[in-house]
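Protein chains in written order, with my numbering: chain A, 1 to 312; chain B, 1 to 350.
Just so you know, nobody snuck in bad clues.
So, partial list: chain A residues that the calculated Cβ filter (under 8 Å) puts toward chain B:
1. GLY108
2. ILE118
3. HIS266
Within a straight-line C-alpha distance of at most 30 Å, the following computed DSS-like cross-link-like pairs (lysine-lysine) qualify:
4. B:LYS348 to B:LYS143
5. B:LYS143 to B:LYS177
6. B:LYS240 to A:LYS112
7. B:LYS143 to A:LYS126
8. B:LYS256 to B:LYS50
9. A:LYS112 to B:LYS50
10. B:LYS50 to B:LYS105
11. A:LYS273 to B:LYS348
Each pair of labels, with its calculated beta carbon distance range:
12. A:VAL117 to B:ASP334: 36 to 42 Å
13. B:THR265 to A:ILE267: 52 to 58 Å
14. A:GLY184 to B:SER72: 55 to 61 Å
15. A:PHE241 to B:PRO65: 39 to 45 Å
16. A:ILE263 to B:ASP94: 37 to 43 Å
17. A:LEU278 to B:SER72: 36 to 42 Å
18. A:ASP132 to B:ASP334: 53 to 59 Å
19. A:ASP113 to B:GLU49: 17 to 23 Å
20. A:GLY264 to B:ALA269: 41 to 47 Å
21. B:ALA269 to A:LEU79: 52 to 58 Å
22. B:GLY291 to A:LEU129: 46 to 52 Å
23. A:LEU130 to B:LYS143: 32 to 38 Å
24. B:PRO239 to A:VAL64: 23 to 29 Å
25. B:ASP334 to A:ILE263: 28 to 34 Å
Worth flagging that the hints you see were computed from the coordinates, not collected in a lab. A virtual CB, placed ideally from N, CA and C, is assigned to each residue, including glycine.
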Amino acid sequence: MNDLPSFVISTLQATVRAGTPLLFAVLGTIFTERSGVMNLGLEGLMLVGAIGGFMASYNTSSLVAAVLVAMLAGAVLGLIHAFFTVTLKINQIVSGLAITMLGTGISGLWGKDYIGVIARRFNPIKIPLLSDIPYIGRIFFEHDMLVYISFVLVPVMWFVIYKTRAGMTLRAVGESPDAADAKGINVFAVRYLFTILGASITAIGGAYLSLAYNSMWIENMTAGRGWIAIALVLFATWDPFKALIGAYLFGGITALGLRLQAIGAHISPDFLKMLPYLLTIAVLFFTSTDALKRKVGAPASLGVPYSREERT
Amino acid sequence: MKRFLLILTLLLVTTAMLAAPLRVAFIYVAPIGDGGWSFMHNQGRLYLEKVFGSDIVTDFIENVPEGAEGESVFRGYAQRGYDLVFGTSFGYMDSMVKVSKSFPKTTFMHCSGYQVTDNLGTYFGRMYEPRFLSGLVAGAMTKTNIIGYVAAFPIPEVIRGINAFAMGVQYVNPQAKVHVVWSNTWFDPAREKEAAVSLLDIGADVIAQHQDSPAPQQAAEDRGVYSIGYNSDMSAFAPKAFLAAPVWNWGPYYEKIVRSVMDGTWTNAQYWGGINDGAVDIVLSDLVPSGVAKLVMSMRNAIVKGDMHPFVGPIYDQAGNLKYAEGEIPSDGDLLSMDWFINNVVGKIQ
Chain A
1 MNDLPSFVIS TLQATVRAGT PLLFAVLGTI FTERSGVMNL GLEGLMLVGA IGGFMASYNT
61 SSLVAAVLVA MLAGAVLGLI HAFFTVTLKI NQIVSGLAIT MLGTGISGLW GKDYIGVIAR
121 RFNPIKIPLL SDIPYIGRIF FEHDMLVYIS FVLVPVMWFV IYKTRAGMTL RAVGESPDAA
181 DAKGINVFAV RYLFTILGAS ITAIGGAYLS LAYNSMWIEN MTAGRGWIAI ALVLFATWDP
241 FKALIGAYLF GGITALGLRL QAIGAHISPD FLKMLPYLLT IAVLFFTSTD ALKRKVGAPA
301 SLGVPYSREE RT
Chain B
1 MKRFLLILTL LLVTTAMLAA PLRVAFIYVA PIGDGGWSFM HNQGRLYLEK VFGSDIVTDF
61 IENVPEGAEG ESVFRGYAQR GYDLVFGTSF GYMDSMVKVS KSFPKTTFMH CSGYQVTDNL
121 GTYFGRMYEP RFLSGLVAGA MTKTNIIGYV AAFPIPEVIR GINAFAMGVQ YVNPQAKVHV
181 VWSNTWFDPA REKEAAVSLL DIGADVIAQH QDSPAPQQAA EDRGVYSIGY NSDMSAFAPK
241 AFLAAPVWNW GPYYEKIVRS VMDGTWTNAQ YWGGINDGAV DIVLSDLVPS GVAKLVMSMR
301 NAIVKGDMHP FVGPIYDQAG NLKYAEGEIP SDGDLLSMDW FINNVVGKIQ
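Work the whole structure out from these sequences, hints included.
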């Protein structure tokens, strides 16, 4: 593989693979945060997704069941987060961190008996016709089913958020819960729904690691991806398409860093690892003023619990 | 009657004291669910329970951070009267030195450190011996002469492992090169798999690794090529790829230490055990052809007997400088501080 085209193709193919777990985590969190609920519990959600999916696959050999159980595990933690932040109005940052710790602990506990075994996993499937397209085919259409689901999820989420009534309701709740409430929208229900839904999508990102990337469970196997994904949500400014770009950017830098070493080119891997964080800081810098925040579409009430009583 | 009772009581007390089980504690830096380093130490603990039965009581704490918090864990076990405490991470060194001085009745054993006190000894394994043997397998099995090695961080332990492996490769196949990719993580299975794939994409047909997770094994399995594992038999993860693995085997060594504490012969020696002590070894899968397996086993015997050393000159570095002349063997000090690659390794120490 010393010719440039195949180097580029294999790097981009690896980019999609490395970006997918992040993409699911970011997409789920976009849903949650669009409703005004901040969630920093991604690492925990991904871990319960990883072990939940792995346990289901190991015991049932059904990948459909695996994804459903992963989502269910995420949903349960999402429900806890919603209960604390929406009903009890606890600080969302604190609750999110607690979700990370809870998820890390629970996954470690459940996973004790699943170390050193393998389960049925997602294998790459070439999509007929599409995979025959030169270059593009190998980069995008020789992956596993979860990658294809993420391809579909991005435009679907974008459509839901920006073009449907449900999306308008979601955005209204995130922007101005008072106004939404006045219009007769049940702010609490919307926040519950999207926190749970978002958490279950994020959990698929973890399941991707234990069921697609590899077939194994090891404690803390997310290795910090949940934290990277939190930064990517900001980077993406709560937009699914930008989430795709951000996730692939991170994935691409991972893939490129390793591949440059393999062919003997030497760019400092520390520098490459640093790049996406620099970009994130730049985005944070440029979106730090309120005016800009509104422009990029940050949910105005993000992090603020909603209380009806205060309205009088 | 009174006197009889007194004697009886005394008898009972002495028997109870004699029969009191030895209390042994293990401190792990990671969860035992890491499937690697801490897991293998815990296997050693379980081995002790099996061997000694009711003569021993063991306990462990996992996920103990290095530093002040770790120190309180060591202190806690010593205060509760534990006889023998194993600390299994390099970073516990300062805490163990300190605590061992305050609790002279407790014996402390520190894995991979270099400081001792009157009641603190150190231990580690000569992993480079089985790594050399696994290199023989890789060198014999490669057809493309490109062997991939997924490495963790450029520290002497990892570099020594790569060099020993490359010495093995060179021994059977002077044409083959060992290509190194650093993952710069100790623990990230997905990244480790991606590192392996990047090596497969340049034509590697045998993948070796330093980290604990079997992710690189699965990458090799997916591509239909061979793999060399680490830490434990990983054939379950890659039944059609897994050839061999250098493995830790703490059980017999821990048994030896416990016996020496029981009969009072323990010393604060610095122990660096090889295959001959059973602390490290190699496992081979059925995929290794019998000729290669025979070579590996005869080399293993030679190492055990001391007739053979994985690092025997002439050894050249990557720039072609002669580091060790014909027949020369690096000292333990040289091995412990290794920071250069031998001439059939492709890659850079950053």
